[in-house]
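K.L.:
For reference, the chains in residue letters:
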Amino acid sequence: MNGRLRASLEYAAALLLLAFAWWYASGPMAMPHYLLPSPQSVVATLWDLLQDGQLLPHVAFTVKNIVLGLVIGAVLGVALAYLLFKISGLAEVLEGPLVVLQTAPKIALAPLIIIWFGLGLTAKIVLIVSLVFFPVFAGALAGLRAIDSRLHDLADLLHLSPLQRLVNIDLPASLPGIFVGVKIGAIQALVGAILAEWMSGAQGLGYMMTFATATYKTPMLFGAVLLTALIGMAMHAVLNETEARFLSWNTPDEP
Amino acid sequence: MITVQQIAKTFGGKEGTVVALEPFSLEIAEGELVSIIGPSGCGKSTLLRIIAGLEEPTSGNIALGTADLKRPVGFVFQDAVLLPWKTVAENIRFPLDTSGVPRSQSDEKVRELIKLIGLEGFENALPRQLSGGMKQRAAIARALADDPPILLMDEPFSAVDLLTRETLNDELSRIWQQTGKTILLVTHSVDEAAYLGTKVMVMSPRPGRLKKTIEVDLPLPRDEHTRRSAEYLDLVSELRNMMREMTA
Chain R
8 MNGRLRASLE YAAALLLLAF AWWYASGPMA MPHYLLPSPQ SVVATLWDLL
58 QDGQLLPHVA FTVKNIVLGL VIGAVLGVAL AYLLFKISGL AEVLEGPLVV
108 LQTAPKIALA PLIIIWFGLG LTAKIVLIVS LVFFPVFAGA LAGLRAIDSR
158 LHDLADLLHL SPLQRLVNID LPASLPGIFV GVKIGAIQAL VGAILAEWMS
208 GAQGLGYMMT FATATYKTPM LFGAVLLTAL IGMAMHAVLN ETEARFLSWN
258 TPDEP
Chain H
34 MITVQQIAKT FGGKEGTVVA LEPFSLEIAE GELVSIIGPS GCGKSTLLRI
84 IAGLEEPTSG NIALGTADLK RPVGFVFQDA VLLPWKTVAE NIRFPLDTSG
134 VPRSQSDEKV RELIKLIGLE GFENALPRQL SGGMKQRAAI ARALADDPPI
184 LLMDEPFSAV DLLTRETLND ELSRIWQQTG KTILLVTHSV DEAAYLGTKV
234 MVMSPRPGRL KKTIEVDLPL PRDEHTRRSA EYLDLVSELR NMMREMTA
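So the sequences go chain by chain: R and H.
Everything in the first sequence is counted per the numbering used here, starting at 8 for the first residue and increasing by one.
Everything in the second sequence is counted per the numbering used here, starting at 34 for the first residue and increasing by one.
Simulated from the structure, these hints should not be mistaken for laboratory data.
Take these hints with a grain of salt, some might be off.
Derived pair list, reagent style DMTMM-like, types lysine to aspartate or glutamate, alpha-carbon separation capped at 25 angstroms [to be verified]:
(1) LYS103/H <-> GLU60/H
(2) LYS47/H <-> ASP155/R
(3) LYS119/H <-> ASP130/H
(4) LYS93/R <-> ASP130/H
(5) LYS244/H <-> ASP267/H
(6) LYS119/H <-> ASP160/R
(7) LYS93/R <-> GLU89/H
(8) LYS119/H <-> GLU248/R
(9) LYS232/H <-> GLU271/H
(10) LYS47/H <-> GLU102/R
(11) LYS142/H <-> ASP160/R
(12) LYS47/H <-> GLU89/H
(13) LYS47/H <-> ASP160/R
(14) LYS245/H <-> GLU264/H
(15) LYS232/H <-> ASP267/H
(16) LYS103/H <-> ASP160/R
(17) LYS148/H <-> GLU65/H
(18) LYS244/H <-> GLU188/H
(19) LYS232/H <-> GLU257/H
(20) LYS244/H <-> GLU60/H
(21) LYS119/H <-> ASP163/R
(22) LYS190/R <-> GLU17/R
(23) LYS119/H <-> GLU250/R
(24) LYS245/H <-> GLU60/H
(25) LYS119/H <-> ASP140/H
(26) LYS93/R <-> GLU88/H
(27) LYS142/H <-> GLU123/H
(28) LYS119/H <-> ASP155/R
(29) LYS245/H <-> ASP267/H
(30) LYS47/H <-> GLU99/R
(31) LYS103/H <-> ASP163/R
(32) LYS142/H <-> ASP163/R
Here the structure is a predicted model, which is why all the values come from computation and not from measurement.
Could you build the full structure based on these sequences and the hints that come with them?
P.N.:
This is the structure in structure tokens:
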């Protein structure tokens, strides 16, 4: 607990330092406002947007897409990893195509995804899912393959059904690996969501950024970037908390 | 209770085949505690895994006189193999949960087992919080949970220190007498084999087969007096000589 308190204090100190540097550059150092708006003007702009009801729908749209894409991508990733783990021979067949897909730069494929799936929500979710899928798949497969073979012996001895095996042995044992993948996938989901909104549509923080850029509303641009960073930090905190709760059995020995 | 007929096991690999077990037979009566000893690599663990149904023999037959029980054997691994995300009580309950025993019944059974095995106060501990000896206690309780007539133990105490080992040996002897299980214990400790067994089966080096069966006449219950008795010490040195000849 002491370590955690210390870590959050250090975290807060770093943020304060950053905010101070920002304030100093835009205030006393007098950087031009259209290049670097002051923290006060950014906060004021965000406050105005919140007041007239424009801000929350944009934030909600982006967050909803991230969560939806993250959940779908994670479920698909774990499901395919489990199939590969269970069906011997499938790994050899699919390994090649999967490596090609995994190494293909999904962000470069984004325009293609928009052509295929249109300008609407589907394309955005598809892009996020394609980014989340691979880290979760790789983490889950590594986790499944690292399961102690004697746990499989135990399952054999107890004549567990396939479902009992999945729920009681395979899933919990590979959870640490899955979690590594989900943490990486969450960052990818954020990148994917913003990118998709840059390219099409008129909603979300990514759209706010392109709109602000096109109209030289630099404080608004900064505000949108700031909120994106805050979403990333919030996801990180939620995932860490979830991990602490569900994977406490996996942490190193207690004294 | 356990009849093994002309069993043999060959492992095939890319670098040729290895004969782990040569054809041999053995028989174990109900309620016996049979120790199996032999030099490293003699296939004693393989024999145990075949009896448990974890591996198929290359040839030969196994018959367990247990009618048609779904889970005729309880198995204790070398190092516990508890589910690390479950507490001690949940681990012991696991065989009951997965065979559909209702909570009201399994709660009672788990309480009994925890008492039998001496783990009171640790019901809600996670495996990582337990010492090696306590993990092994929990593993034995789990193996006994759905009351299988046969208990197979694969070097169950080889990972604990000597003093704990002697304590666990005493406990196992007591539990065996209390429950009347048929127990097959694979060990590389001649002391343990002699102290616990009603019979000691000695296996030859690879390719393994049954070399000799020694009846143990030490009186029950076994305790500190047993460890100091001349008969016990004679038996241990006899077994030790046998092992020495084989590995020389």
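K.L.:
Each of the hints needs a verdict: does it hold here or not?
P.N.:
To see whether the hints hold, each was checked on the structure:
no.	hint	in the structure
1	LYS103/H <-> GLU60/H	holds, 22 angstroms
2	LYS47/H <-> ASP155/R	holds, 24 angstroms
3	LYS119/H <-> ASP130/H	holds, 13 angstroms
4	LYS93/R <-> ASP130/H	holds, 24 angstroms
5	LYS244/H <-> ASP267/H	holds, 19 angstroms
6	LYS119/H <-> ASP160/R	holds, 18 angstroms
7	LYS93/R <-> GLU89/H	holds, 21 angstroms
8	LYS119/H <-> GLU248/R	holds, 20 angstroms
9	LYS232/H <-> GLU271/H	holds, 14 angstroms
10	LYS47/H <-> GLU102/R	holds, 24 angstroms
11	LYS142/H <-> ASP160/R	holds, 24 angstroms
12	LYS47/H <-> GLU89/H	holds, 19 angstroms
13	LYS47/H <-> ASP160/R	holds, 24 angstroms
14	LYS245/H <-> GLU264/H	holds, 19 angstroms
15	LYS232/H <-> ASP267/H	holds, 15 angstroms
16	LYS103/H <-> ASP160/R	holds, 16 angstroms
17	LYS148/H <-> GLU65/H	holds, 24 angstroms
18	LYS244/H <-> GLU188/H	holds, 19 angstroms
19	LYS232/H <-> GLU257/H	holds, 19 angstroms
20	LYS244/H <-> GLU60/H	holds, 14 angstroms
21	LYS119/H <-> ASP163/R	holds, 19 angstroms
22	LYS190/R <-> GLU17/R	holds, 22 angstroms
23	LYS119/H <-> GLU250/R	holds, 16 angstroms
24	LYS245/H <-> GLU60/H	holds, 13 angstroms
25	LYS119/H <-> ASP140/H	holds, 15 angstroms
26	LYS93/R <-> GLU88/H	holds, 19 angstroms
27	LYS142/H <-> GLU123/H	holds, 12 angstroms
28	LYS119/H <-> ASP155/R	holds, 16 angstroms
29	LYS245/H <-> ASP267/H	holds, 17 angstroms
30	LYS47/H <-> GLU99/R	holds, 19 angstroms
31	LYS103/H <-> ASP163/R	holds, 11 angstroms
32	LYS142/H <-> ASP163/R	holds, 23 angstroms
Of the numbered hints stated above, none is contradicted by the structure.
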